[in-house]
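Given the coordinates of chain A, work out where chain B should sit on it, guided by the hints.
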Amino acid sequence: MSVLSVRALKKRFGGVAALAGCSFDIAAPGIYGLIGPNGAGKTTLFDVVTGIIEPDSGQVELSGRNITKWAPHRLAALGIARTFQECRVFPEFSCLDNLLFAPRLSHREKQMEAQALRLLRMVNLERYAEEPAATLSFGQRRLLEIVAMFLSEPALLLFDEPAAGVNPALLEVLAAFIRRMYEERPCAFLVVEHNMEFIMRLAAEIIVMHQGSVLERGAPQAISSSARVIEAYLG
Amino acid sequence: MKSLIGFVAVAALLYAVPSAVREPYLLHVLVLTCLYAIPAMGLNLMLGYTGLVSLGHMAFAGIGAYTAAVLMVDAKLGFWSALVLGTLAAGAAGGAIGAVCLRFRSHYFMIVTLAFGLMLYSVMNNWDEVTRGAAGFAGVPRPAPLGAFGFGPLANFYHLALSAALFAFAVQWWVVRSNFGRVLVALRQDERLAQAKGVNAMLYKTAVFALGSALAGLGGVLHVSFLRVAAPATFNLAESINSVLVVIVGGAGTLAGPALGAALFVGLPEYLRVAAEWRLVLFGAALVLITLFAPQGLGGLIAGGWRRLARTRA
Chain A
0 MSVLSVRALK
10 KRFGGVAALA
20 GCSFDIAAPG
30 IYGLIGPNGA
40 GKTTLFDVVT
50 GIIEPDSGQV
60 ELSGRNITKW
70 APHRLAALGI
80 ARTFQECRVF
90 PEFSCLDNLL
100 FAPRLSHREK
110 QMEAQALRLL
120 RMVNLERYAE
130 EPAATLSFGQ
140 RRLLEIVAMF
150 LSEPALLLFD
160 EPAAGVNPAL
170 LEVLAAFIRR
180 MYEERPCAFL
190 VVEHNMEFIM
200 RLAAEIIVMH
210 QGSVLERGAP
220 QAISSSARVI
230 EAYLG
Chain B
0 MKSLIGFVAV
10 AALLYAVPSA
20 VREPYLLHVL
30 VLTCLYAIPA
40 MGLNLMLGYT
50 GLVSLGHMAF
60 AGIGAYTAAV
70 LMVDAKLGFW
80 SALVLGTLAA
90 GAAGGAIGAV
100 CLRFRSHYFM
110 IVTLAFGLML
120 YSVMNNWDEV
130 TRGAAGFAGV
140 PRPAPLGAFG
150 FGPLANFYHL
160 ALSAALFAFA
170 VQWWVVRSNF
180 GRVLVALRQD
190 ERLAQAKGVN
200 AMLYKTAVFA
210 LGSALAGLGG
220 VLHVSFLRVA
230 APATFNLAES
240 INSVLVVIVG
250 GAGTLAGPAL
260 GAALFVGLPE
270 YLRVAAEWRL
280 VLFGAALVLI
290 TLFAPQGLGG
300 LIAGGWRRLA
310 RTRA
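Protein sequences appear in the order of chains A and B. Take 0 as the starting number for the first sequence in numbering that gives the first Met the number 0 and just add one per residue. Take 0 as the starting number for the second sequence in numbering that gives the first Met the number 0 and just add one per residue.
I should point out that these hints are in silico values taken from the structure, not numbers from a laboratory. Among the hints, a few may not be true.
Said to hold, decoys possible - Partial list, derived from the structure: chain B residues whose beta carbon lies under 10 angstroms from chain A:
id, residue
1, Asn178
2, Val184
3, Arg187
4, Ala193
5, Ala195
6, Lys196
7, Gly197
8, Val198
9, Asn199
10, Ala200
11, Met201
12, Gly303
13, Arg307
Every residue, glycine too, gets a C-beta built ideally from N, C-alpha and C.
Looking at chain A on its own, in the form it has when it is part of the complex:
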């Protein structure tokens, strides 16, 4: 049974088909890259999987369970965590509270605190634990947003352009952190990214989207030399 299974998803915005029968399976745990030119439908796909927008047709399954059109909070309770392309954190909450905030954690917050501090230490944010998130730089906020996904032990993690706007030094920290988290608890990581160098090194398998459906998938080396992929990017 696949962790995530997407079947013939369609979504139109006016005259634009953002998703045009998109189908793929994530059969086993792993770090998967999701790439494609702008407008390929990657973020729309994330928004459908996380329940923010409803598809016109098609189906999403999580571990064999049909979760199409479920509300975002129910999907979160089921173990889907995500970050946002525009980077969202709670600016007034401290970094620590940003990690601890999740209804499914509230009853054992004290036990989670040590774990939260450990995660912050891994990305060098421990000294900001008590500072409001608004005081962080953009790159640090990205890290915080990503770190904040892990406390609730999700089954499926969706990263929407984690490397965007992050400087090269922090990028190394970020990649190391994601790899480390995967080693600690192997589950399904799906990473949308435009930074090819970053994603080719991070992911074990790449899924390429183009015009609302999957164009190709395979190992990073195979993808970067695929004629179809190069053509899609160069248009």
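Frame of chain A; chain B shown alone:
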């Protein structure tokens, strides 16, 4: 712990006012301040903590007030049961109407709450058989005595209004310190993120709308019992907007804000006998200054000053 001691000290001081002050007019003004502060505390939970700007808040105070008036005068129910039922009716109406309004966001939400406020006002103003219409619902009784303690004397009614205001304050306090309150604050900061973390936004927002409306209802029942008449004008659009001003000027999202705002907006002008027209002009100016220079209102200003003072001493 420190804040609890402060709260008890302030409460004791306020309870002692009638024994120190013999001037009835000042007590009258203090009662009105409490009666405006109670709905404002409800609105503060919605506006200050959750970010829901309702422009129909006082209409829910009206639902509580008219429910209690009808129960007491027509159904001959006692004051205390009517107080509880009026409060609950306002809360239930808030939950039901809130669930509709909350389908909309930001300024659309404001417009829909404004529309519901106007509709409820029309009902109060025109449903002559039940609300007695524009003439007002006369003969609303003062609270029934509790043992030997009657509420006819002004000082005693003041103690009742103050107790209700302190109760509303305690509700705010409890909410803000609870997990419920933390979710509300998260929703104000970023609703989409809160949902992605597992928050059922609609449920929480409806709950706070119901709670805020219930507090409005509590204030409404006491208000008409104090004036001994329920009039639609007490619950119209202007009063709803006043309530928003009270919260923002006092300090949205601070515990003491609504009480400070009510003292400044109702208490002070009333005591200084400023004409009602001038009141809005002065308040408009204060509002502009506060949004520009003290976005957290008076409450935030005082808290900030206190922190600075504590730092310089340390």
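Hint check:
no.	hint	result
1	Asn178	holds (5 angstroms)
2	Val184	holds (7 angstroms)
3	Arg187	holds (9 angstroms)
4	Ala193	holds (8 angstroms)
5	Ala195	holds (6 angstroms)
6	Lys196	holds (5 angstroms)
7	Gly197	holds (4 angstroms)
8	Val198	holds (6 angstroms)
9	Asn199	holds (5 angstroms)
10	Ala200	holds (7 angstroms)
11	Met201	holds (8 angstroms)
12	Gly303	violated (15 angstroms)
13	Arg307	violated (18 angstroms)
Hints 12, 13 from the list above are not met by this structure, while the remaining hints are.
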